[in-house]
Every structure is written in C-alpha cells, then in structure tokens.
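Colleague: Here is what each chain is made of, one letter per residue.
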Amino acid sequence: MPETRELTLGEAVREALAEEMRRDSRVFICGEDIAEAGTVFKVLTGLVDEFGKERVLDTPISEAGFTGIAVGAAMTGMRPVVDIMFGDFVTLTMDQMVNQAAKVHYMSGGKWKVPMVMRATLGATRRSAAQHSQSLHAWFCHVPGLKVVLPSTPYDAKGLLKTAIRDDNPVVFFEDKMMYRLKGPVPVEEYTIPFGVADIKRAGSDITIVATSSMVQVALGAAKLLEEFDISAEVIDPRTVWPLDEKTLIGSAKKTSRVMVVDEGYERYGVTAEIASVIAEGAFYDLEAPVKRIGAMHVPIPFSPPLEDATVPTEKSVFEAAKALCSGGL
Amino acid sequence: MPETRELTLGEAVREALAEEMRRDSRVFICGEDIAEAGTVFKVLTGLVDEFGKERVLDTPISEAGFTGIAVGAAMTGMRPVVDIMFGDFVTLTMDQMVNQAAKVHYMSGGKWKVPMVMRATLGATRRSAAQHSQSLHAWFCHVPGLKVVLPSTPYDAKGLLKTAIRDDNPVVFFEDKMMYRLKGPVPVEEYTIPFGVADIKRAGSDITIVATSSMVQVALGAAKLLEEFDISAEVIDPRTVWPLDEKTLIGSAKKTSRVMVVDEGYERYGVTAEIASVIAEGAFYDLEAPVKRIGAMHVPIPFSPPLEDATVPTEKSVFEAAKALCSGGL
Amino acid sequence: MTTAIDRSKTYSEIEAEQWLRMYRRMLMIRVFEEQVNDLYTRALMPGLAHLYIGEEAVAVGVCEALRQTDYITSTHRGHGHCLAKGAALDRMFAELLGKEAGYCKGKGGSMHIADPDTGNLGANAIVGGSAGIATGAAFSARRLKTDQVSVCFFGDGALGQGLLYEVMNMAALWKLPVIYVCENNLYNEYAHNSETLAGDMLARGSAFGLHAENVDGQDVRAVYRTAREIVDHVRQGAGPAFLVCQTYRFMGHHVGDINREYYRSKQEEQMWKTERDPIKVLGDWLTAQNLADRARFDQIHAEVKSEVEKAVQFAMAAPYPSPDKVGQDVYA
Amino acid sequence: MTTAIDRSKTYSEIEAEQWLRMYRRMLMIRVFEEQVNDLYTRALMPGLAHLYIGEEAVAVGVCEALRQTDYITSTHRGHGHCLAKGAALDRMFAELLGKEAGYCKGKGGSMHIADPDTGNLGANAIVGGSAGIATGAAFSARRLKTDQVSVCFFGDGALGQGLLYEVMNMAALWKLPVIYVCENNLYNEYAHNSETLAGDMLARGSAFGLHAENVDGQDVRAVYRTAREIVDHVRQGAGPAFLVCQTYRFMGHHVGDINREYYRSKQEEQMWKTERDPIKVLGDWLTAQNLADRARFDQIHAEVKSEVEKAVQFAMAAPYPSPDKVGQDVYA
Ligand SMILES: Cc1ncc(C[n+]2csc(CCOP(=O)(O)OP(=O)(O)O)c2C)c(N)n1
Ligand SMILES: Cc1ncc(C[n+]2csc(CCOP(=O)(O)OP(=O)(O)O)c2C)c(N)n1
Ligand SMILES: [Mg+2]
Ligand SMILES: [Mg+2]
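Protein chains in written order, with this note's numbering: chain A, 1 to 330; chain B, 1 to 330; chain C, 1 to 332; chain D, 1 to 332.
Bear in mind the hints are in silico, worked out from the structure with no lab data behind them. Nothing here was measured: the structure is a model prediction, and the numbers come from that model. Do not take every clue at face value.
Claimed, not checked - The list that follows gives simulated cross-link-like pairs (lysine-lysine, DSS-like), each with its CA atoms no further than 27 Å apart:
#1 B/K113 / C/K145
#2 B/K53 / D/K145
#3 A/K255 / A/K224
#4 C/K325 / B/K247
#5 A/K316 / C/K145
#6 B/K42 / D/K266
#7 D/K145 / A/K162
The whole structure should be built from the sequences, with the hints applied where relevant.
Modeller: Right, dumping it as structure tokens:
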C-alpha cells in the first residue's frame with residue numbers, strides 16, 4: 001500500500017499542476033486572478049512563486065479571448081491549462097471550445113492537435129445566485145472531440161488532472177467549489193488515473209447509485225442512511241463522463257437490478273439522461289425498476305438560502321428516492 | 001376542414017413572420033444579411049419590402065452583440081426575432097441566451113420579461129463541414145427559462161413560430177436547412193399551435209418512433225419501408241422538446257411496447273437521451289425491449305460526402321434498427 | 001432624479017438644494033454599504049457583496065442627470081447604482097438577505113437587484129454581461145420614440161469583454177441613446193488594470209464611433225455636469241457616448257477581501273480615502289461656498305442613519321420566501 | 001516565401017525575380033480559383049467555395065514577407081492564403097473535392113485547409129474565429145523563443161466579432177509577435193460595410209495598443225513593402241500590429257452568388273476589375289520597368305495553367321476516403 005497523506009481537493013489540484021509544470025516546461029496556466037491572488041478560491045496559491053508570472057499568467061477578463069489563445073498555443077507546442085473562475089462563464093468560451101478546440105484535430109485530418117485543459121468550477125449552495133452556481137458540464141459531453149472529467153475526491157482530482165494535462169486532446173475538468181476543502185488520502189508517490197475507468201466508491205448489492213463530482217459524497221452519505229434500513233448501496237463514480245465507462249456501470253446495474261443516477265447539473269437533458277439511457281439499455285433485462293434520475297431542479301439557481309437548498313440533490317433526497325426505489329415504489 | 005395550400009417550410013416561416021409583424025408593430029427581426037439578401041437561405045425574401053429596414057434589420061457579424069441587444073429590447077417593449085444564420089454560431093450567443101435571456105425573469109423575481117425568439121438553422125449533409133452543420137439544440141433544452149421548438153412540417157413551422165413570437169419567454173426555434181424546400185399543406189386561415197403538444201405524424205401499433213425536425217421525414221420514410229415487413233410504426237413528433245409532451249410519448253410507448261428515438265443532434269448526451277429516459281421510466285413495465293436511440297455519430301461533421309453521409313441517421317438506418325428492434329434482436 | 005424647477009427660488013438656492021440632494025444620496029449609499037459590511041461581518045447575510053464605497057459620486061452624478069423612466073443596467077458592484085436610481089433602502093436590504101420582500105423576492109440577491117419602477121433593468125454578475133441589455137433598451141427607446149436614454153454602468157475590467165465592442169459598434173451605427181459609463185477604479189478584482197488593459201481607454205470608445213469623455217469620478221459636480229451634457233445630447237439623437245469616470249473603491253473587491261496588500265498598498269488606499277473621498281470633496285466645497293454648515297450636515301447624517309437603520313430592521317424581520325416558491329417565475 | 005539571396009546577381013535582378021515570383025503566385029491563385037468556379041459550375045465539387053479572385057495581392061504580398069515556419073490562420077475565403085503560404089495545388093484541389101489525398105483527408109474541405117508544413121494553422125469558417133488561434137501561436141513563438149511570427153488573415157466583416165478585440169488587447173499587453181491583417185473588401189457577404197462598421201477602422205487597432213497601418217491591397221509591391229517592415233518589427237519584439245489592406249473581391253461572396261446587383265453595382269465591379277486588378281497592376285509596372293515582356297508573361301501563364309490542370313486531374317482521379325475513416329481523428 002502506497003504511503004499517503006491527507007490533502008484537501010484544492011491542494012490536490014495544486015499539487016497536480018505543480019508536478020506537471022515541473023515535469024514539462026510547456027505547461028502553463030492562464031486565467032483571471034490566478035497569480036498573486038491564487039484564484040478566488042485560493043486553489044493556486046503559491047504557484048506563481050515557484051513558476052513565475054509567465055507560467056501562471058493573469059489575464060484580462062476575456063474568457064473567450066484567452067481560451068482562444070490557449071487553443072492556438074496548444075497547437076503550436078505549449079500545453080495550456082485555462083482557469084475559468086466560475087463554470088457559469090464557460091458560456092463565453094463555447095465557440096472557442098466547441099467550434100475550434102474540439103474540431104481542429106478532426107478538421108485538419110489529424111494534423112494539428114490541441115493538448116489543452118480547461119479547468120472550471122461547478123456547483124451551487126454558495127448563495128451566489130443564478131450566474132455563479134451552474135453545473136454546465138453536460139454541454140461539453142455532447143461535443144465530440146472533447147473529454148470531460150468530474151473528480152470527486154482529492155485522490156481522483158490529482159490523478160485525473162495529471163492525466164488531463166498529458167492528454168493530447170482538449171479536456172474540460174470540472175471542480176466543485178464546495179469540495180475544495182474536502183480532505184482525503186493522496187499518495188506521496190506520483191500516480192495518474194486513466195480516463196474512462198469508473199471507480200466503485202462503495203460496494204453494495206441492493207442498489208447502484210451512479211454519482212458524479214460532489215454528488216458522490218452525497219451518495220455516500222445516503223448509502224450510510226440506507227444501511228440503517230438494511231439496504232446495501234453500491235456507489236459508482238464514472239470520474240470521466242466522456243469517455244464513459246459503460247461496462248462498469250452496466251455491470252453494477254445487472255448485479256443490483258436497481259439504479260439511481262445523481263448529478264448536480266440540471267436533470268433535464270443533462271448527464272443523468274445519458275447515463276440512465278445507457279444503463280436502461282445495457283441492463284434492460286435485469287432491472288427491477290426504472291432507472292431513477294436526480295439532478296438539479298429545472299430553475300435558475302435562486303439566491304435565497306431556503307430556495308437554493310431546495311434545488312439540488314441532498315443526502316436526504318437521494319436517500320429517500322433510493323429507499324422508495326428499493327421498496328418497489330416509484 | 002380548413003382550406004389549405006401547399007407551401008414550403010421556408011415560405012411557412014416567412015408567412016408566420018409577416019403575419020406577426022403585421023399584427024404587432026413591436027415585432028422586428030435582426031440578423032446578418034436578412035434584409036435585401038433575405039438570408040442566405042432566402043427564407044426572408046421580400047419581408048424588407050413590406051416592413052422596411054428598421055424592422056428587418058441587417059446587423060454586423062456580431063452574434064453575441066445583437067442577441068444581447070435583442071434581450072434588452074425584449075425587456076423594454078419590443079418583441080425581437082433574432083436570426084442566427086447557421087445554428088453552429090449559437091456558440092457565440094450562449095452567455096446572452098443562458099446567463100441573460102433565460103434568467104432575467106427569474107432573477108428579477110418575475111418583474112422583467114424577455115419575449116424574444118431566436119431562430120437558428122440546424123442539420124448536416126449540405127457538405128458544409130464541421131462548423132456549419134451542427135444541431136446543438138440539446139444545449140438549450142438543458143437550460144431552465146428557455147423553450148425549444150423543432151418544427152418538422154410547413155404546417156407546424158408556421159403555427160409554432162407564431163406561438164413562439166407571442167410567448168413571453170425566450171424561445172429558441174430551430175429550422176433544418178435541408179427542409180426549407182419541403183412542401184406541405186398550410187391553412188389559409190390564421191392558426192397557432194400550442195407548445196408542449198406532440199403530434200402523431202403517423203399512427204401505428206408495433207413500434208413507436210419518436211423523431212424531431214428533419215428526422216420526422218426520415219422516420220416516416222422508414223415507416224413506409226417497415227410496412228413492407230408488416231411492421232406498423234407510429235411516428236410521433238414532440239414538436240417542442242421543451243416543454244416536452246411526456247404523456248403522449250409514454251402513452252404511445254405503452255401501446256406499442258417498442259420505442260426508438262431519432263434526432264439529428266449528437267446521440268451522446270443529447271435529446272435522444274432525455275426522451276429515451278423519460279419513456280424508459282414512464283413505460284418501464286410495458287416495454288418489450290430497451291428504447292433504441294439514434295442520433296448523429298460522435299464525430300465533428302466531415303466535409304467529404306461519403307464520410308458525412310455516414311454520420312447522420314437515414315431512412316435506411318432507422319428502418320434497419322426498427323426492424324431489428326421488432327424482431328427481438330438488439 | 002431631476003425634479004421640476006420651483007420658480008420661486010433663486011438659482012443658487014436651487015443649485016444648493018441639488019448639491020445637497022446629491023450629498024445626501026452619496027451618504028445614503030455610504031451608510032447602506034457600511035451596514036452591508038456589518039451584516040456580513042456578523043454573519044447575518046448569505047453570500048457576499050461588492051461594496052461601492054468610494055465610488056458614490058459616479059452613480060449619483062450620472063443618475064442625477066437621468067429621468068426616473070430612463071434605463072440603467074448595473075453590475076456585481078451595483079448597490080450604488082440601484083440606490084442612486086431611486087431604489088428603496090428596505091427592499092434593497094431585504095433582497096440582500098434573501099427575503100420575500102426584496103426587490104427580486106429573494107431570488108436575485110446582491111448581484112441581481114432589478115426594478116422596473118426606477119428603470120433598473122438589473123444588476124448583472126457577468127462582467128460586461130449587461131452591455132447588450134442596456135443597448136437593447138436604447139434600441140426600444142428609439143423605436144418606440146419614448147425619449148428615454150439608457151445607461152450601462154460597468155467597471156474597467158469589463159473592457160476585457162468583446163461583447164462591449166460589438167454593441168458599441170451597433171449603437172453607433174444606429175445612433176442609439178445609450179451611454180456606456182466605465183467606472184475606472186483601477187482594479188479588476190485583484191489585478192491592477194495596467195496588467196489587463198493595453199492602449200488607450202477613451203480611444204476604445206471613439207474607435208467605434210462614440211463620443212468619448214473622461215471625468216473625475218470623485219467630484220460629483222464634475223460627474224453631474226458632464227453627464228448632464230452627454231445625456232442631453234444623447235437624448236436628442238446625437239448617438240451613443242462613452243464616459244470614463246476615474247474612481248477608486250475604498251474597500252475590498254468584496255466584503256471578504258480583507259488583506260489587500262499583495263495587490264495594492266495601504267498608502268494608496270489611504271491617499272484616496274483622505275484626499276479623494278467624494279462625500280468629503282462635495283462637503284468641503286459646500287462649506288467653502290457657504291451653501292451648508294456643520295449643523296446641516298449633522299442633520300443629514302442623522303436622518304440618513306436612521307433611515308438606513310429602519311430599513312435594516314425591516315429586512316431582518318421580514319420572512320424568507322417559502323421553499324415552494326422556488327418553481328415560480330421560471331417562465332412568464 | 002523569402003529565399004536565400006544569391007550573391008552573384010545584381011540587386012535589380014534579385015528584385016525582378018522576386019516580383020515575378022509574386023506575379024506567378026498571384027496568377028496561380030487566380031487560375032486555381034477560376035478552376036474551382038468551373039468545377040462548381042459543372043457540379044463536380046461538393047458544397048460551396050468562396051473565391052479570392054481580386055484579392056491575390058494581399059495574401060501574396062504578406063506571405064512573401066514571411067518565413068515558411070511562420071504561422072498563418074486563414075478564413076472561409078482561404079485558398080489564396082494557403083497557396084501563398086506554399087500549399088500544393090494538387091492536395092488543395094483534392095481537399096476541395098473531399099478526397100483522401102487532400103490536406104485534411106477530405107474531412108475539412110474548402111473552408112478548413114490546414115498544413116503544418118507551411119505553418120498554416122487552418123482556415124476557419126467561423127468569422128473571426130481564428131483570432132485566438134493566431135494569437136496563441138504568437139504566444140508559443142514568444143515563449144519557446146522560436147522567432148516565428150503569426151499572421152491572422154480576416155475580412156472586414158470580422159471586425160464585428162468581439163473576440164478580435166479581446167485578443168488584440170492581450171497581444172499588445174504581452175507584446176506578442178502577431179499581425180492582424182484585415183482584408184477590407186468592402187463587403188460582409190451581401191452588406192456593404194458602411195452598414196456594419198462605425199467609427200474608424202484603423203483606430204480599432206490603435207485603441208488596443210497595436211501599431212496600425214493602411215495599405216493599397218491591389219498593389220502587391222506596396223503590400224509586400226509594408227508587410228516586410230511590419231513583420232521585421234514584430235519579429236524583433238515590437239509588439240503586435242494591425243494592417244488593413246484595401247481590396248475587392250471580383251466575384252460573388254461564394255461561387256453560387258451570381259446576381260449581385262441588389263447589393264453592389266456592375267459599374268463598381270467593372271471599375272475594380274479593369275483598373276485595380278492586382279495582377280494587371282503588377283504586370284503593367286513590370287513592363288514599364290522593362291523587367292518583363294509579353295513573352296515572359298505568356299510563358300508564366302502557360303506554366304501556371306498546366307500546373308493547375310495537372311493538379312485538378314490528380315484530384316479528380318483521386319479516391320474518396322472510405323466511409324470507415326469517419327471515426328478516425330476525432331481524438332489524438
Ligand atoms: C465574465 C466574468 N468573468 C469573471 C467574473 C468574476 N469577476 C467578478 S467581478 C470581477 C472584476 C471586475 O472588475 P471591474 O469590471 O473593474 O469591476 P469592479 O469590481 O472593479 O467594480 C471579476 C473578474 C465575472 N463575474 N464575470
Ligand atoms: C460567426 C459567423 N457568423 C456568420 C458567418 C456567415 N458568414 C460567412 S462569410 C461572412 C461574411 C464575412 O465577411 P468578411 O469577414 O468581410 O469576409 P469576406 O467574405 O468579405 O472575405 C458571413 C457573415 C460565419 N461564417 N461565422
Ligand atoms: Mg474595476
Ligand atoms: Mg469583406
């Protein structure tokens with residue numbers, strides 16, 4: 001067993017970046033307030049001291065512009081990591097990410113490559129209202145040419161981010177703002193985690209809960225509550241939603257015969273729909289009940305605490321839905 | 001039975017716009033090359049003659065900018081219709097549509113309204129390559145505050161567009177480029193079509209094919225081919241993908257027990273996933289086979305004809321999948 | 001807001017009243033913001049807030065030149081704009097606290113105050129995000145011939161957003177009655193704008209065909225006079241304008257931004273606070289002109305304080321929206 | 001592309017050779033495009049194409065000032081840029097016909113020709129869409145100290161895209177070796193740019209801190225001289241530049257745009273074609289200077305014609321990619 005220490009998810013991200021920047025001088029980070037300020041979430045604190053302002057590059061408030069510059073830099077020998085302060089601002093980068101970054105390799109017949117990473121935050125309940133709380137990762141999953149990563153633990157965050165930086169394709173890497181302080185064991189030794197490999201966060205036999213990002217923690221909490229009702233929940237984290245480890249998801253579904261999918265993005269036309277469809281098709285003859293989806297409510301995220309809290313899946317709502325599913329009720 | 005005449009889908013769109021502009025002086029259209037040029041697809045030809053350049057307003061090539069102006073104009077008494085030449089360019093408008101238009105009503109506690117329509121094209125096989133062929137409507141369905149319309153006939157196009165213009169919310173209206181010349185009967189009398197009401201384009205009993213936009217025609221073609229094999233296909237067009245007429249879709253699925261969903265957007269994390277999930281859940285105990293999804297292949301749309309043709313659902317591919325589904329094979 | 005002129009008064013009396021009204025309004029914003037900071041510090045406010053302290057002369061000077069029916073759009077640092085345009089203190093506080101009685105029924109919060117009654121199209125938490133909305137409102141004004149003008153407030157950081165130039169271009173082409181007011185407080189969050197802005201700030205307006213002007217944003221009289229002139233021109237159809245106001249935020253980027261020395265010096269802050277405080281600048285001038293004395297100022301301060309206190313109390317006591325309201329107002 | 005100087009020749013001999021090389025290259029683009037039009041008219045080409053005829057001096061003049069390793073990005077109207085930067089005729093045609101032998105294996109087509117060997121980062125069908133890419137390439141050049149410069153070609157219509165101003169600002173801040181070359185052919189599709197552009201075109205560069213210059217885009221010698229100077233400066237680290245080339249497209253917006261009188265007059269077209277044809281302008285000058293005669297021109301024309309014909313034949317005979325290649329190259 002490798003030696004580990006406890007890191008927060010924020011620290012794990014920072015360590016991954018630092019290691020990759022040491023390893024490869026072509027790696028640089030750009031974004032708003034990332035150098036001395038270390039990002040508004042303080043995730044990058046200290047990087048500028050080691051790597052200087054040329055490699056930890058503060059930009060103007062020009063998300064489309066610096067994403068575009070990253071695309072061009074990636075094509076010509078650099079390995080940019082773009083920092084999008086709030087995932088809500090990816091709206092401004094869609095042309096550069098989707099019509100440029102995602103398509104350059106294909107349109108050029110495989111000649112040019114775009115080895116870049118876009119890091120963006122996601123997640124609600126910070127009382128930040130509708131323009132600072134969204135989880136829009138589903139959009140990127142819909143676009144061929146991109147890969148989409150949603151880590152749920154410090155261990156995964158570090159290993160997946162290192163893989164993302166070494167990948168020769170544009171990768172979108174979403175970090176839940178509320179998870180930056182979550183602690184977990186991270187090996188002292190270097191490691192990477194391959195894309196497309198789901199992780200069984202908790203083994204179980206009665207119900208499969210597929211969960212992403214912060215919803216993994218929510219699902220684990222719900223699993224504990226279910227224990228008291230003698231329901232054994234398996235919690236699976238796909239870790240990368242594209243590529244998607246269908247085999248593991250379907251395998252678990254076949255085993256437990258009841259499945260829930262939990263994601264913090266909007267439930268409608270979101271990640272839960274694809275995963276539920278894949279499972280409903282792949283495990284069709286083994287399912288005892290329809291796959292249950294839980295995502296964010298179909299409303300812009302409200303500011304007021306009692307309203308905001310009603311919009312996202314919680315341990316309790318996941319627990320209750322799982323219990324109902326297992327007792328045969330819908 | 002109302003008196004009708006044959007119109008192309010393009011003519012039906014134009015007629016809807018003309019009627020609404022006559023009816024309500026607050027309605028105007030803006031976009032690139034829409035006045036004298038009548039759009040590159042010639043859909044708006046002649047409107048400028050009747051309504052003048054102030055109401056059929058040519059803009060600079062500033063999709064984000066004129067969409068934003070439309071949002072503000074809609075809030076303050078106008079009813080703008082924004083023309084996005086190729087649906088691929090919606091990438092440039094995502095912030096204005098998603099962080100502004102979709103949220104203004106909610107964020108203001110219901111005080112401001114944004115009665116605007118964005119018309120955009122979609123669809124491939126025009127040999128226009130990766131940046132002029134996408135069908136990105138799934139993104140908008142994922143966003144609360146927006147409504148999304150996908151007409152498949154001249155009749156629907158006219159009635160739905162009139163409803164869209166009268167709606168007090170931002171509506172995204174997608175027209176398939178390849179369908180502009182499709183002809184069909186359109187009543188002489190004025191009419192509108194409510195949102196959220198699916199249309200059974202063809203009744204059948206063995207299999208339900210839910211299809212959107214141009215895929216409705218493809219599905220109808222496939223249904224004809226299926227006839228020869230004594231398979232009776234029901235073809236249902238949701239017409240608006242948000243709001244979605246779940247009841248009709250589930251009802252048909254329960255009746256036929258086999259379902260396919262066909263949409264020209266990417267299959268992965270797209271419209272087919274949501275619709276398949278809704279049906280798999282709602283008709284769970286009645287389905288004889290998993291819901292089969294068919295969308296575009298997960299590749300940027302290639303230019304070369306033999307490649308491009310391989311990426312989108314066709315009568316033949318839909319027919320074959322349906323036949324396999326009905327013969328119990330997967 | 002401009003009010004009808006009372007013919008029985010002398011010009012200088014009228015003027016004095018107007019300056020005092022602006023003084024009071026600047027003070028009201030100041031005290032409001034101090035109260036917000038206090039609420040945050042005492043953990044009574046959800047989320048964050050971006051204080052306008054130090055920049056009051058911009059919002060007050062510009063809005064004094066506007067009619068109630070004129071439009072504004074505001075920013076993440078928006079309380080000052082909303083209050084200057086006529087928002088009520090109690091409903092502002094209620095919104096900041098997420099209460100049902102707030103301007104947005106608690107759904108918007110600090111960064112999304114909107115109010116049709118005062119022409120406030122809404123604060124916006126996307127930097128530069130309201131440039132299209134403000135321009136669109138001017139478009140409506142022009143088409144509906146309502147004689148309104150539209151003012152888009154934004155910070156120097158928003159000059160990084162391409163949207164701004166797209167809409168400036170269209171505003172100039174179509175001669176729309178819109179004024180882009182750039183509050184140049186030198187910083188975008190934690191970066192001095194010498195690191196984020198190349199070229200010449202004013203030229204960014206004129207290159208797109210806008211009338212462009214610079215003004216001392218700490219001198220409310222200068223802001224008002226310049227704004228008055230520009231608003232009149234714009235209202236008469238002269239086309240859009242770009243007004244850069246040189247100003248400074250006295251506090252952190254947001255209420256939680258306490259240690260600021262890594263991006264700006266205490267001396268710099270001190271200089272602005274002591275020598276360039278817009279309230280003091282106007283107060284000194286009024287005193288020198290014998291238009292007001294200590295007693296008058298004391299009275300205004302006392303009145304404003306009590307109004308603000310009452311408003312906070314109202315907001316604190318007001319109920320939250322019930323959770324079942326969460327699904328309302330998604331669609332009109 | 002600049003070639004090494006042969007010391008045995010006199011200066012004017014060298015110069016003459018250089019002008020004749022540019023003449024040949026402009027002609028090659030012209031004949032290539034005529035051939036494309038012919039293929040379209042005969043329904044032999046899938047999709048559409050946007051012809052560069054009339055604008056040849058811009059691409060040729062600018063690219064003559066570049067090294068093979070320098071970068072360019074191109075547009076929907078991109079054949080001229082690609083050829084001027086050194087693309088081979090046969091693989092160009094093959095790509096336009098969707099053949100496996102094309103520059104992009106048929107996956108890109110007319111609007112997406114890309115070629116690392118000639119520094120071509122790719123044509124782009126999103127108006128203004130390559131501004132970030134070109135700037136990013138300059139960023140790499142600066143960081144990797146490769147001494148390359150990057151040229152972003154775009155039309156006057158792209159001045160409507162905010163992205164351009166965002167990246168110009170960063171290029172100026174970071175002194176990146178990038179040149180934004182605006183081909184002002186007066187129209188964006190079917191609208192004259194007096195309807196789409198307010199303010200002053202050159203000022204749109206200088207406002208963001210760029211060196212900005214105007215040049216007659218029909219005079220390849222002027223384009224080359226100006227470009228040469230700018231490229232040298234930019235390469236030496238002087239920071240980015242904005243070069244506006246005044247030009248005209250002789251044909252429709254695309255091959256299918258035949259009836260153009262609703263947006264521009266036949267007289268206007270005629271004037272440009274007869275008086276401002278870049279090939280004729282250079283040819284006349286070469287003749288007047290006694291640097292070339294009719295025989296020389298005839299020879300060049302014959303050679304170019306035969307090269308182009310051979311290339312078309314190659315492309316016509318080349319096979320399509322097999323459909324199972326469709327899934328390749330999505331991911332690296
Ligand atoms: C598009 C976008 N990018 C980034 C942010 C995060 N952010 C909020 S305020 C701010 C700085 C704004 O600076 P400026 O426009 O000068 O306004 P100021 O805060 O100085 O009033 C940033 C980067 C945002 N809200 N929107
Ligand atoms: C973002 C975007 N909007 C619209 C279009 C459609 N379009 C293609 S070319 C063109 C006109 C471009 O004009 P200009 O930039 O002047 O180039 P020119 O065609 O004159 O060479 C337009 C509007 C597009 N391709 N991309
Ligand atoms: Mg600022
Ligand atoms: Mg042009």
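Colleague: Each hint: holds or not?
Modeller: Against the structure, the hints:
no.	hint	result
1	B/K113 / C/K145	holds (20 Å)
2	B/K53 / D/K145	violated (52 Å)
3	A/K255 / A/K224	holds (20 Å)
4	C/K325 / B/K247	holds (25 Å)
5	A/K316 / C/K145	violated (55 Å)
6	B/K42 / D/K266	holds (22 Å)
7	D/K145 / A/K162	holds (26 Å)
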